[in-house]
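Enquirer: Line by line, the protein sequences are chains A and B.
Per the numbering used here, the very first residue in the first sequence carries number 1; after that it's consecutive.
Per the numbering used here, the very first residue in the second sequence carries number 301; after that it's consecutive.
Think of the hints as simulated: they come from the structure by calculation, not from any bench.
A quick note: this is a predicted structure, and the numbers were derived from the prediction, not measured.
Among these hints, one or two may not hold up.
Simulated crosslink set (PhoX-like; lysine-lysine; CA at most 25 angstroms straight-line) [said to hold, decoys possible]:
hint, chain 1, residue 1, chain 2, residue 2
1, A, K217, A, K249
2, A, K298, A, K249
3, B, K349, A, K43
4, B, K444, A, K13
5, A, K203, A, K294
6, A, K261, A, K291
7, A, K261, A, K292
8, B, K446, B, K471
9, B, K444, B, K370
10, A, K95, B, K443
11, B, K421, B, K370
12, A, K179, A, K298
13, A, K179, A, K203
14, A, K95, B, K349
15, A, K13, B, K443
16, B, K444, A, K43
17, B, K421, B, K444
18, A, K294, A, K249
19, A, K43, B, K471
20, A, K43, B, K472
21, A, K292, A, K179
22, B, K444, A, K95
23, A, K288, A, K261
24, B, K370, B, K471
25, A, K292, A, K249
26, A, K298, A, K261
27, B, K446, B, K472
28, A, K95, B, K421
29, B, K508, B, K491
30, B, K506, A, K43
31, B, K446, A, K43
32, A, K95, B, K446
Looking from chain B toward chain A, a few residues come up when the C-beta cut is under 8 angstroms (computed) [unchecked claim]:
hint, residue
33, M409
34, P434
35, L441
C-beta: ideal position from N, C-alpha, C; glycine also.
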Amino acid sequence: MNTSDKIQEVIRKHLASGGIILGQCLVGGGSASNTLPTELTEKDGFIDLSMADVAGGAIAVGAALAGKRPIYLVRFQGFQWYNATTILNYAAKSKEMWGIPCPIFVRSLGTDSAGPVAGNCHHSIYTRMPGVFVCAPMTPGEYQRAWDHFMEHDDPLYVSEHRRSFPVDYEMSDVIHPKADITIFAISATRLDAIRAAEECAKEGIVCNIFNLFWLKPFVVNEAMREALSNSTYGGLVLDADHENGAVKSIGFDLMNASGKTVHVLALEERTGGFAPYLDNVSPSPEKIHKKIKAILKHV
Amino acid sequence: MRSADFGVIPGISKQFSKEETLEMFRHICNARAFESRVKKVNDEGKLIKMPIYLGLGQESIAAALALSFKNPAIFAQHRAHDLYLSYGGDVAALIDELLHQPTGCARGMGGSASIHSPAIKMYGHSGLMGDQIPIAVGFALGKKEKTLAVMGDASAEEDYVLGALGYASTKKLPILFVCVDNNVSISTKIKIRRNWLMPDVAKAFKLKAVEITDDPWLIMHHVAELQGELPAFINIHTCRALSHAAGSVDVPDWNRFALVKEEMARLNLAEEGERIEATSEKNINTLWDERIKAIKIKV
Numbered sequence: 001m002n003t004s005d006k007i008q009e010v011i012r013k014h015l016a017s018g019g020i021i022l023g024q025c026l027v028g029g030g031s032a033s034n035t036l037p038t039e040l041t042e043k044d045g046f047i048d049l050s051m052a053d054v055a056g057g058a059i060a061v062g063a064a065l066a067g068k069r070p071i072y073l074v075r076f077q078g079f080q081w082y083n084a085t086t087i088l089n090y091a092a093k094s095k096e097m098w099g100i101p102c103p104i105f106v107r108s109l110g111t112d113s114a115g116p117v118a119g120n121c122h123h124s125i126y127t128r129m130p131g132v133f134v135c136a137p138m139t140p141g142e143y144q145r146a147w148d149h150f151m152e153h154d155d156p157l158y159v160s161e162h163r164r165s166f167p168v169d170y171e172m173s174d175v176i177h178p179k180a181d182i183t184i185f186a187i188s189a190t191r192l193d194a195i196r197a198a199e200e201c202a203k204e205g206i207v208c209n210i211f212n213l214f215w216l217k218p219f220v221v222n223e224a225m226r227e228a229l230s231n232s233t234y235g236g237l238v239l240d241a242d243h244e245n246g247a248v249k250s251i252g253f254d255l256m257n258a259s260g261k262t263v264h265v266l267a268l269e270e271r272t273g274g275f276a277p278y279l280d281n282v283s284p285s286p287e288k289i290h291k292k293i294k295a296i297l298k299h300v
Numbered sequence: 301m302r303s304a305d306f307g308v309i310p311g312i313s314k315q316f317s318k319e320e321t322l323e324m325f326r327h328i329c330n331a332r333a334f335e336s337r338v339k340k341v342n343d344e345g346k347l348i349k350m351p352i353y354l355g356l357g358q359e360s361i362a363a364a365l366a367l368s369f370k371n372p373a374i375f376a377q378h379r380a381h382d383l384y385l386s387y388g389g390d391v392a393a394l395i396d397e398l399l400h401q402p403t404g405c406a407r408g409m410g411g412s413a414s415i416h417s418p419a420i421k422m423y424g425h426s427g428l429m430g431d432q433i434p435i436a437v438g439f440a441l442g443k444k445e446k447t448l449a450v451m452g453d454a455s456a457e458e459d460y461v462l463g464a465l466g467y468a469s470t471k472k473l474p475i476l477f478v479c480v481d482n483n484v485s486i487s488t489k490i491k492i493r494r495n496w497l498m499p500d501v502a503k504a505f506k507l508k509a510v511e512i513t514d515d516p517w518l519i520m521h522h523v524a525e526l527q528g529e530l531p532a533f534i535n536i537h538t539c540r541a542l543s544h545a546a547g548s549v550d551v552p553d554w555n556r557f558a559l560v561k562e563e564m565a566r567l568n569l570a571e572e573g574e575r576i577e578a579t580s581e582k583n584i585n586t587l588w589d590e591r592i593k594a595i596k597i598k599v
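Pulled out of the complex, with its shape left as it was, chain B reads as follows (with noise of 0.2 angstroms):
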């Protein structure tokens, strides 16, 4: 069931247009980009003293989530700077919130765990585990907006987020919930912790709910087939190629990022995704190289 290929609809790459793939490996390659400065900052030592959360190998859902739930208000987990960043967050307050900067998106408060925007309406995370997702039906409840409750494959398994998937699908509201299934709570796998999926808890609830791979075209498509049957759950199955705060590397089950350049090549696209992974590297590392001096000259 969990694989590279789990739910993938053969040409499906197709229905996009060039300048949708275009984008949505745009914001992979910047999501890569900074989750690798953020780890090479990090494994220095000197910089940042927290806890960080990085979702490289993990950047395909947030990125086509963007091209296909545009302008919902988000309830991200912990592990969400891809969701920041393709949802067009600002990147220098993401850097400078690493950093412990006041300057910072939740002005140093936050730090890894706990970013928001309000440009782009994404809400803070407190940290605990799964609380997005009920706070986000309460919002959803009292502004009848569309919404995105991001969530993780463990804290999926809060008691409270089943209750609020439950409230959700009672009130009909307005409501994309998406698991970020990576099958890994820290480093205990799924199997260890539950014997059931949550697509079956969701259908249990009366939601719509598919379960597929991170093949960011597959994820574009069902977002897109979902968006007229809200509230609905799509369980994504990813691999996260860090350990759980930035640690050692993770061996993971699929290289998402090189199928999706294997599709790029098939589609001609293999030259301008090289352009732009080239540009998204230049254009991070200058930020990062920036914020870091700025940020030394006030010290």
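Okay, chain A solo, but in the shape it has when bound (with noise of 0.2 angstroms):
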């Protein structure tokens, strides 16, 4: 079973626990590649909004305050900018505000290569607003552990998915050695490109610790990574899909913090990307890893 699968097990059960799929283009499964189930209907709580963007946000904000957990997809997570407005200012503050709970499930997927608004990960929004959780599975097992952890809580959560784990059917573990150079914390779809530019960096016998960072917010830096971070001779690097003044920025403060390393981060340039193959603007490849990994070691 894959990601993609997983993700469809997932929403099968949640309507068949009397929850609700709320989003844009979901009859056929057209928006969500292949993560959608194609035989549940509107009787089933697989339910097509307007492509009103905003207000579908808070659409499935009021059905949420209904006691109906919805899940709520939204194709690109560059339409986020549209769509968290309602979410972020309602179902993330309506418990501490009212004591009302407010849980939504919010499938907000990333892409590489879809130009100046649609592609890659915007997680960042939502991280900086308290009241909401932040996840960025990339494995089936992952993608189980979030939604487990919204049904046994009242809070909304976000769910930064990125189109590059639909196809991964194996789980993955962080890698952690007695004495490395430098500790890599990967977020999203940075994962997979992480461990291909640990293999570089090996062949050059330079040691990499690579952490899996599923929780974005709240945060923790646990004891193994302090730890690891702190034996790391040249501190660490954080990657992620999303702009580098963003929560990658946030997360490499609290690791320095805890550690007293230097920590350094790389994601998406502090530019806007275009369409054109030579004007993209995607998640580090393992080349760029590995060229700032070098970089880093050279510098200090």
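Could you fit the two chains together into a complex? Lean on the hints.
Expert: This is the structure we're talking about:
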């Protein structure tokens, strides 16, 4: 079972338990890269919204107040700039302000190469606001974990998905060496590239730890992370598929505070991406990560 | 078009029983007494330290809705003391909220703009203009329960309000949209902001829509008719007697309270009306005095 299959399984279970899924272009599964069961109908709680993004997010919030625990699908994370408004300003605040929980599972699909607006991840919009949890699953097991967390809690959960996770049919473990040169903390699709970059580094005798970050918020520096980072000669590197001036720097800051080691970041470049391949701005490639690590080792 | 008698049906008040009229008038008087006292406390500048949104002059709408659209889930706008009171929200809890107390209806978090009451199924407002409308639509979609969604003529212009009206129509949801049309956004009049009317927009979305003045009997009449045809939209012209955030006194185009009292006199209910008005003032002010005293003792 790959992540795509797991998402379909989760949706079927969710609807069977009385929940609903809301979003644009659901019927036929067209909007979400084969992660939507095609046999479900509105009677089952599989509900297509109109194309009004801002209203759609708020309608999902209202359904959450009604106790339907909606899965709200946003087919490109870049569209969150419209969709997030009411989720962050109502659902995320409702429990604190009025004592009324407003649980909503936001499926937000990231992708490489989708031009200046739609592409990549935009989870940093959510991590900066109180009252919302943020995770970035990349495996079937992690997706199950995200849904289990949602069903066991009553808070909004932003699930930063990446289309590159959908074919993943295995689980990913952290890689920790007793004495490493650098510790990589990888978010979303960068986890796949971090592995390849570490393999390239190993060929040159550079030893890399890798932590796969599932929770972006709350982000907790656990003892294993702190110890691995403290024992890394050249500190750490946090990778993200969102822009650099967002969650990745916040996480890097927490890691530096916890370990006393310098932590660098590598994410989308500080520029607008274009559709032409030579103008694109996507998450750092294995080559780019490898190059960054070598630069860090050289300059320290 | 916008006037004190727009859409008025002659003799409409006689459709309603004496008890209904007196109950409606009691809601009006309670809301007026409440808002007048808030204004006074706010003007003193000691106990209230936040923006206050008063609906003085507009209270006939909430009073009529409470009698004619019973037991809905309520999604109100920021100016909603009257709606909270007319539907039976806890008065002391609202006073405490305006006095920044943890015993307030929104635990001091909501202030004037974000009041709520689970007891009357009134959900809090975030403070973002108009977002209560798509939220209400989502609630009606999820719950399939009678829902009241109230907006102002300004928040009605929010793009997501329009999208929500369309979706409610498409899904035939059990929701009544009410536009409290006081003709101003802070102080900018409608004609400066747009050249279109909300009822026309609602009709374009295939909603049943009516446009009337804030005569409470007229509102009750139309709401009763619309209940069988939800989703529906009702645009009610009214006058805000105070400025945006409880500041200076606006000059209203008409005084609905005076007009209601005139009609009460024609219905031979003037004396009972006077008693209700006096009782409301006394009760509300007594409660305010008690809450202020309790808070001062705590301090």
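Enquirer: Please flag the earlier hints that this structure goes against, numbers listed from lowest up.
Expert: 3
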